[in-house]
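Protein chains: 2
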Amino acid sequence: MMDLLKQIQIVLVETSHSGNIGSTARAMKTMGLSHLRLVSPKQEIDEQAIALSAGAKDLLEQAQVFNSFDQAIADCQLVIGTSARLRHLQSSLIEPRACGELAIQRAIQGKVAIVFGRERVGLTNEELLKCHYHLNVPTNAEYGSLNLAMAVQLVSYEVRMAWLNFSKNLQKSPQNSPLVEKANINYPSAESLEHFFNHTERLYRELGFIRNDAVMLKLRRLYQRCELETAELNLLRGMLTSVEKKIHQD
Amino acid sequence: MMDLLKQIQIVLVETSHSGNIGSTARAMKTMGLSHLRLVSPKQEIDEQAIALSAGAKDLLEQAQVFNSFDQAIADCQLVIGTSARLRHLQSSLIEPRACGELAIQRAIQGKVAIVFGRERVGLTNEELLKCHYHLNVPTNAEYGSLNLAMAVQLVSYEVRMAWLNFSKNLQKSPQNSPLVEKANINYPSAESLEHFFNHTERLYRELGFIRNDAVMLKLRRLYQRCELETAELNLLRGMLTSVEKKIHQD
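Protein chains in written order, with the numbering used here: chain D, 1 to 250; chain Z, 1 to 250.
Just so you know, these hints were derived from the structure itself, not from any lab.
A few of these clues could be false.
It does not matter which identical chain is used: a pair holds within one copy or between any two.
[To be verified] In silico EDC-like pairs for lysine to aspartate or glutamate, Cα to Cα no more than 16 Å straight-line:
1) Lys-6 x Glu-142
2) Lys-218 x Glu-119
3) Lys-218 x Asp-75
4) Lys-218 x Glu-201
5) Lys-172 x Glu-95
6) Lys-172 x Glu-191
7) Lys-172 x Asp-213
These numbers come from a predicted model, not from an experiment.
Given these sequences and hints, build the entire structure.
Laid out in structure tokens, this is it:
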């Protein structure tokens, strides 16, 4: 069986303190995760990062650095965003346990990004909109100040627990696992989804239907929540193209 | 309903770095835990500890400091010990999720200690023997270097999850909860249990039955694993006393 844990990409966006990057690497490695992605970190991987990574220096050396959020998630089929400011995103909120299960379930199919925002301000609304799910750690209502690397530790732990459970269940009944059945479904990459949204917006602006941002916000929420499959996406894009052909032929 | 989270005592034994005490306080508070106990910390609560505690300085101010492990757990009815070197303690091992559920279940009755050992060497064998259960975080077999405060974060998170589930279930069916039924059972404090073990050893050494440590080790494991109830403890102590009376009257 392929190593599902290798499919999980931990993405840190514009991290301010290199020490947090080091502690994140250590936290990941204790739980068997190995793929770290950094979007425009404010400090490079320095002495402080290496010191706090303890024996997880290899993760720092292999970390991929990206210039944009979009690039960092482009090849991932599921994107889970986490931020302290998520209370308004009711419909797509999940807790760490569900996040771990979902990540492992979808890792059978492709890469999964779990994205952690900036230390103080989290992810931007634009970034949150590009996530299928939004992770909410049910912290103390009076004190929710979870350190970045601590949050990574919790989520990595739940991913590992889900992976251990999955491996155990697979040994018991390899044929009947609902996860194996779900493995036959093909999901599009974040990049493909983005092309679809851009295609939609372009067409419907041209049509005069879209005049402000509200429509696309609603469409994004809809399609991300329903976890669009590749076949469905192809269908939807085919529909867009058919409309385009029609309006451009006249 | 009383606040079960207040029953949970996080105990750090001979912590080397004050920063870890600060990070532990922060980790606890994010999950709604408030009671921190320190056994002979190697460094006092200093600037570093306060800095890393972020907004959890109140936990540091209220932390209780003890000179011995025994004193720190004396008033607790359930003691869960955690250490990196636990592989040999097969029968009493639990994972963080079960630890959280057990802690909340027993918090209905009395105080629960969750004990974390020294950064490098964990808990001593003697200390481990005084724990009812032993917590094992299922880390990466090739890299299990979990930071102390990270371990506290994981365990505190599982305690909180169990507490949230318990509160939810209680609202659904307050009368039928198995946990509420279990609340009618009375469990002895660690101190009472220790008196019992000492009483037993004293008597059986006097009787010439105990000549080395092996017997008491086995008895401790037995009674701790079965979670002796107060009524049972009283019965056993009554039995010891009856033997004593008999042998001393001649």
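Exercise. Against the earlier hints, flag every one the structure doesn't satisfy and list their numbers going up.
Key: Structure breaks hints 2, 3, 5, 6 and 7.
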